[in-house]
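Sequences listed follow chains A and B, in order.
So the first sequence is numbered by my numbering: it starts at 1 and just counts up by one.
So the second sequence is numbered by my numbering: it starts at 1 and just counts up by one.
The set of hints was computed from the structure by calculation and includes no laboratory data.
Even for Gly, the Cβ is constructed at its ideal location relative to N, Cα and C.
Be aware that a few hints might be false.
As a list, the in silico DSS-like pairs of lysine-lysine whose alpha-carbon atoms are at most 27 angstroms apart [stated by the list, open to error]:
1) B:Lys215 x A:Lys50
2) A:Lys176 x B:Lys50
3) A:Lys215 x B:Lys50
4) A:Lys215 x A:Lys9
5) B:Lys50 x A:Lys298
6) B:Lys301 x A:Lys145
7) A:Lys9 x B:Lys215
Simulated DEER-style distance windows between Cβ atoms [said to hold, decoys possible]:
8) A:Lys332 x B:Ile555: 48 to 58 angstroms
9) B:Met169 x A:Gly28: 10 to 20 angstroms
10) B:Ser336 x A:Thr300: 40 to 50 angstroms
2 protein chains.
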Amino acid sequence: MKTLLTNAKIFNAFSCSLLDQSVLLEDGMIAGVGEFDPQLADLVVDLEHKILCPGFIDAHIHIESTTLTPYELARAQIPFGTTAIVADPHEIANVCGQDGIEFMIQSSQGLPLDVYFMLPSCVPATPIKDSGAVLRASDLRPFYKHERVLGLAEVMNVPAVLNNDPEMMAKIADAKANNAAIDGHSPMLSGPDLDAYIKAGIQTDHECAAFEEAKSKIEKGMFIQIRQGTAAKNLNDLIRLFEYPWCLRSCICTDDKHPDDLKKTGHINGILKEAVALGADPLHALLMSTWNPAQIYKMTKKGAIAPGYDADLIVLDDLKDFHVSKVFKNGKEIYSSGVLQDFEKPKVDSALQEKLFHSMNMSFVEPDSFRFDHQGVRKAHVIGHSTGSLLTEDLILDVDFDFMNGVNPEKDLVKIAVMDRHHNSGRMSLGLIHGMGLKEGALASTVAHDSHNLIAMGTNPADMALASNTLIERGGGLCAVKDGQILAFLPLPIGGLISAETYEKTAEANEELTKAIHEMGSGQELFMSMAFMSLPVIPSIKITTYGLTNDQLEIIDFLAE
Amino acid sequence: MKTLLTNAKIFNAFSCSLLDQSVLLEDGMIAGVGEFDPQLADLVVDLEHKILCPGFIDAHIHIESTTLTPYELARAQIPFGTTAIVADPHEIANVCGQDGIEFMIQSSQGLPLDVYFMLPSCVPATPIKDSGAVLRASDLRPFYKHERVLGLAEVMNVPAVLNNDPEMMAKIADAKANNAAIDGHSPMLSGPDLDAYIKAGIQTDHECAAFEEAKSKIEKGMFIQIRQGTAAKNLNDLIRLFEYPWCLRSCICTDDKHPDDLKKTGHINGILKEAVALGADPLHALLMSTWNPAQIYKMTKKGAIAPGYDADLIVLDDLKDFHVSKVFKNGKEIYSSGVLQDFEKPKVDSALQEKLFHSMNMSFVEPDSFRFDHQGVRKAHVIGHSTGSLLTEDLILDVDFDFMNGVNPEKDLVKIAVMDRHHNSGRMSLGLIHGMGLKEGALASTVAHDSHNLIAMGTNPADMALASNTLIERGGGLCAVKDGQILAFLPLPIGGLISAETYEKTAEANEELTKAIHEMGSGQELFMSMAFMSLPVIPSIKITTYGLTNDQLEIIDFLAE
C-alpha cells in the first residue's frame with residue numbers, strides 16, 4: 001500500500017525550513033520525499049498546502065499524573081498531534097515496584113501512540129522507607145531488554161550521584177552499558193557540583209526555571225527539557241531557548257499534566273501555541289518538539305520526514321494555533337477533522353492486572369486516629385503552605401488543642417495525616433498545615449508523592465476517616481467529604497494512581513472534585529498541593545508515615561517544646 | 001593528577017561560540033569547565049587567551065593512501081591537531097581480507113591518535129574477481145565486537161543496495177544490529193534511487209561535488225562529509241555548507257591524502273585554513289571538524305569541551321591560519337611548539353605481521369610479457385586519460401604495432417599492464433593508454449584500486465619488467481625505472497600498500513618519485529593516476545588482470561575489429 005501526500009509544506013528538520021514537496025509512504029515508513037507520479041500511489045491525499053510535520057514527542061511525562069491508562073492517554077493525545085511520549089513510571093513503581101513498570105509496558109503495547117519508558121532511578125528517592133517498593137539496579141536491569149525502554153529516568157537523588165553511591169552508580173553504569181539515555185533532575189545545581197553530576201553521565205534537565213540556568217547547563221552539554229505542565233510552568237521563563245543556538249539543545253515536556261488541563265489546553269500543540277504567542281520562532285518550536293527529543297532518546301526513525309523514517313506525521317493548519325487536522329501513524333490516517341479511528345486496547349496479563357488493582361494494603365481507620373492527645377496551648381511545627389509553591393515553611397505556632405483539637409479554620413489551620421497503605425503496618429502520622437484555605441470537611445488521596453501513601457487533610461476526624469475509608473474500600477483515588485457526605489470521588493483503582501475509566505469521564509470527575517473543593521471554602525488546586533506535602537526532598541517541612549521531616553530529611557517531633 | 005588550563009577561549013560546541021573559561025582535567029577527562037581555584041590543580045597551564053578546541057576528527061580516511069602505518073600517521077597528524085580519525089581499511093582488506101583489518105586494528109592500538117574503523121563493505125566492489133580477498137557479511141560481523149569499530153564503511157556498490165542484494169543487505173543489517181554508523185558513497189545519486197539508498201540505512205556521503213547535490217542529500221537526512229584530499233578536492237564547490245543550517249549536518253574528511261601533501265599542507269587544520277580563506281565562518285568550521293563527526297559516529301565522549309568528555313584538546317593560535325601550538329591527549333600535553341612527545345609503537349601479533357609483509361603472491365615476469373603479438377596497423381581500444389580526472393574515454397585508435405610494438409611517445413601512447421599478485425595465477429593483461437605524458441622508462445606500483453594488483457606502465461618491455469620485478473622482489477611499493485636503472489623506489493612492504501619507514505622518509509621517497517616522473521617526461525602525478533586505471537567502477541574503460549572493462553563492467557577485446 002503506497003500513500004502519496006501531495007501539496008504539503010513539509011517541515012524539514014535538517015534545514016529547519018518548510019519545503020513544498022510530496023511524501024510517499026509505504027509499509028508504515030517514509031519511502032521518499034520529492035515529486036512523484038500520483039499513478040504510483042494506491043491512495044493520494046491532498047494536504048491543501050497545510051504543514052506536514054513529524055508527530056510531536058513529549059520528552060518527559062509521568063503518565064500517572066494524567067490519572068489515565070496509556071490507552072486513554074493515547075485517545076486524549078493523538079488528536080493533539082502527539083505520536084510519541086517518553087514516560088517515567090516513577091509513581092507506579094513507588095507503589096508496585098517492578099510490577100508497576102511491567103504493567104505500564106504491557107498496557108501501552110501496540111498503541112498508535114508510541115509510549116517509551118525511562119526506568120525510575122530513585123525508588124525511593126530518600127532513605128526514608130515510606131514507599132511500596134524499592135528498586136535496586138538489579139531490579140531495573142532486566143527491563144533494558146525491552147525495545148521501548150530508552151534509559152534511566154530522572155536522577156533526582158543528586159547527593160547519591162555526587163557521593164558516588166554504589167547503587168546509583170550501578171544504575172548509571174547499566175544505562176551506559178545499554179547505550180541508553182540518562183535523564184536528570186537538578187534544580188539550581190551549578191558549578192563543580194553540576195560538573196560532577198554531568199560527568200557522571202546525566203544528560204538532561206527539566207527543572208530549569210531561568211534562562212541563565214538553562215544556558216549554563218546547555219554550555220556544559222546538557223539537553224534542556226522546557227517543562228510546561230499543569231503544576232510547574234517554565235515556558236515563559238525559558239522562552240529564549242527557542243532562539244538559535246539554544247533551540248538545538250532544547251525540547252518540550254509536560255512532566256505532570258492533569259486530564260482536565262489536557263482536555264482544556266491540549267498537549268505539546270498547546271505549548272507551541274503559547275510559545276509562539278510569546279514570540280518563539282515557530283520552526284524552532286517544531287524542531288524542539290520533534291527532531292530534538294528523538295535525538296536525545298536515540299529514536300533513530302522518529303522526528304523527521306525523510307526516507308527510512310517512521311511515517312508518524314501530523315497536519316497542522318498553521319503555525320500560530322497549531323491546530324491539528326490530521327494524524328498519520330505508521331503511514332495510516334488515524335485521526336482526521338475531529339474523528340479518531342478506533343484502536344485496540346492493549347491486553348495485560350491477568351495476574352499482573354489483579355496485583356495492580358489491589359494496591360491498598362491497609363485496614364480501615366477510625367476517626368480517633370485523626371485526634372491529637374494534646375491539651376491546652378502548645379508550640380508545634382506546622383507545615384506552612386504557600387499557594388503555587390511546593391516549598392513549605394516550618395511554622396512554629398501556638399496551637400490551642402482545646403479548640404477543635406488544634407484545628408482553626410479561621411486561622412487557615414487544618415489537620416493533615418499520612419497513613420501507610422503499602423505494608424499494612426498501621427503506621428501513620430498526624431500534623432497540622434497552614435495556608436490551604438479549607439474551611440470544612442476533608443480530602444483524602446492515594447496520590448501523595450513520591451511514596452503514594454494515603455494522605456488526608458481536613459477540619460474534623462469524622463470526615464477525614466470517611467474520606468480515607470472510602471479510598472481504602474474502593475482501591476484508591478481522590479475523595480472530597482463534607483458533613484459525612486461524599487461530595488466527589490474519582491476512583492483510581494490501578495495502583496491507587498490511575499483511573500480505569502475513559503479520558504472524558506476522568507476529566508469530568510476531576511472537574512467535580514474542583515467544584516467540591518470550592519464548596520469546602522478553598523479556591524486552590526488542593527489535591528495537587530496536598531500530594532506534594534509528603535515529598536520530603538522538597539524543603540522545608542513535610543509529613544511522612546513516620547512523622548514530620550525537616551530539611552535534612554530527619555524525622556522531627558510535632559511539638560516544638 | 002589535576003591539570004588546570006587557564007586563560008583559554010574555549011570553543012563551546014553546544015552554543016557554537018568562544019567562552020572565556022578555564023578547564024579542569026582529571027583522569028584523562030574533562031572534570032569541569034568554568035572558574036577554578038588554581039590551588040586545586042597539580043599543574044596549571046596558562047593558555048594566554050589562545051583558542052582551546054576539541055581535537056580535530058577526520059571523518060573518513062583511507063590510511064593506506066598515506067602509505068603510512070597508523071603509528072607514523074599519528075606522528076604526522078598530531079602536530080596538526082588531529083586526535084581522532086575514522087578509517088576505512090578498504091585497500092588493505094582488498095589485499096589481505098580479515099587479516100588486513102586485524103592488522104590495522106592491532107597496529108593502531110593505544111596510540112595518542114584515536115584510530116576508529118569502519119568495516120569495508122565492498123571487498124570486492126564489483127563481480128570481477130580481481131582482488132586478494134572477498135569479505136562477506138559473516139567475515140565482517142566478528143569485528144563489531146571491537147570498541148574502535150564504529151560501523152560499515154562506504155557502501156559504494158549502490159546497485160547492490162538498490163537491488164536488495166542479500167549479502168549487502170546482511171552487511172547493512174549487521175551494522176544496524178550493532179547500533180553502528182553506515183557510510184555512503186553515492187556520487188550524483190538523486191531522486192527515488194537516492195531515497196531508496198537512504199531508506200536502506202546509508203547515513204553519509206563524501207562524494208558530493210556541488211552544493212545543490214549536498215543540500216538535497218542533507219534535506220533527505222544524510223550527513224555530508226566535505227572531502228578535501230590529495231586527489232579529490234570538493235571544498236571550493238561545497239563552501240556554502242559552512243553556512244547555517246548546513247553546517248549542522250556537514251563535516252570534513254580527507255578520504256585519500258598522500259604523505260608529501262600531508263607534510264606540505266597539514267591535515268584538517270589546513271583544510272580549515274583554506275575554508276576560512278574562502279569565507280567560511282571559523283566557528284562553524286570548528287564545529288564541523290570536532291562535534292559533528294563525533295555525532296555521526298556516536299563517539300559519545302569526543303568532540304566537545306564539557307564535563308565527562310575525553311580531554312583531547314588542542315590550542316590554536318588563531319582562527320585564520322589554524323596553527324596548532326599545543327595538543328593534549330587524554331589530559332596529557334603530548335605536543336607543544338613543534339615538539340611531539342615520544343609514544344609507544346603498537347605491537348602486532350608476529351604471525352599476522354608475517355602475513356602482511358608477504359602479500360606478493362606471484363612469480364617474476366619476463367620482458368616478453370609486455371609485448372603485443374599483433375602486427376601492422378590495427379584498430380584498438382585505448383584508455384583515454386585526462387589529467388585531473390578519474391573518468392577515462394574509450395578511444396578507438398589506429399595503432400601501428402610495427403613501430404615500438406604499439407607504443408608512441410610522440411602521440412602520448414604507452415603500454416599499461418595489470419598482473420595478478422594475489423593468487424600466483426600468472427594472469428595478466430596488456431593494453432595501451434593515452435594522455436599520461438610519459439616519454440621514457442616505466443612505472444610499476446602495487447597500489448592499484450581497488451584490487452591492488454601489480455600495475456605497470458611504460459614505453460618499453462625491459463623497463464616495465466624491471467620495475468615490476470623490483471616490486472615483486474621487495475614486497476611491493478612504487479618504482480620508477482629508466483634505461484634499465486631504478487630512478488626512485490618507495491618500498492611498501494605491508495600489504496604492498498604501506499611503508500615500514502618513518503613519515504619523513506616516506507614523504508621524501510614520494511618526492512623522489514615525483515622528481516623521477518619529471519625526468520621521464522611527465523608533469524603529472526602519474527602514480528595516483530595509474531592507480532585508478534584498474535578501478536572498473538569508474539567509467540568508461542579500465543584495465544584488470546582479465547583485460548579491458550567497459551561501462552557495463554564487461555571484459556572487452558583489446559582489438560576493436
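Outcome of the hint check:
1. Of the supplied pair hints, the one linking Lys215 of chain B and Lys50 of chain A holds, its CA atoms being roughly 24 angstroms apart against a limit of 27 angstroms.
2. For the hint pairing Lys176 of chain A with Lys50 of chain B, the CA-to-CA distance comes to about 34 angstroms; that exceeds 27 angstroms, so the pair is violated.
3. For the hint linking Lys215 of chain A to Lys50 of chain B, the alpha-carbon distance of about 24 angstroms falls within 27 angstroms, and the restraint holds.
4. Restraint check for Lys215 of chain A and Lys9 of chain A: the C-alpha separation of about 32 angstroms exceeds 27 angstroms, so the hint is violated.
5. A C-alpha spacing of about 35 angstroms is found between Lys50 of chain B and Lys298 of chain A, which places the hinted pair above 27 angstroms, so the restraint is violated.
6. Between the alpha carbons of Lys301 of chain B and Lys145 of chain A the distance comes to roughly 24 angstroms, so the proposed pair stays at or under 27 angstroms and holds.
7. Between Lys9 of chain A and Lys215 of chain B the alpha-carbon distance is near 18 angstroms, which keeps this suggested pair within the 27 angstroms criterion.
8. Hint check: Lys332 of chain A to Ile555 of chain B, Cβ distance near 50 angstroms, so the stated range 48 to 58 angstroms holds.
9. Range check, Met169 of chain B to Gly28 of chain A: about 19 angstroms between beta-carbon atoms, so the 10 to 20 angstroms window is met.
10. Distance hint check for Ser336 of chain B and Thr300 of chain A: the Cβ-Cβ separation is about 41 angstroms, which falls inside the suggested range of 40 to 50 angstroms.
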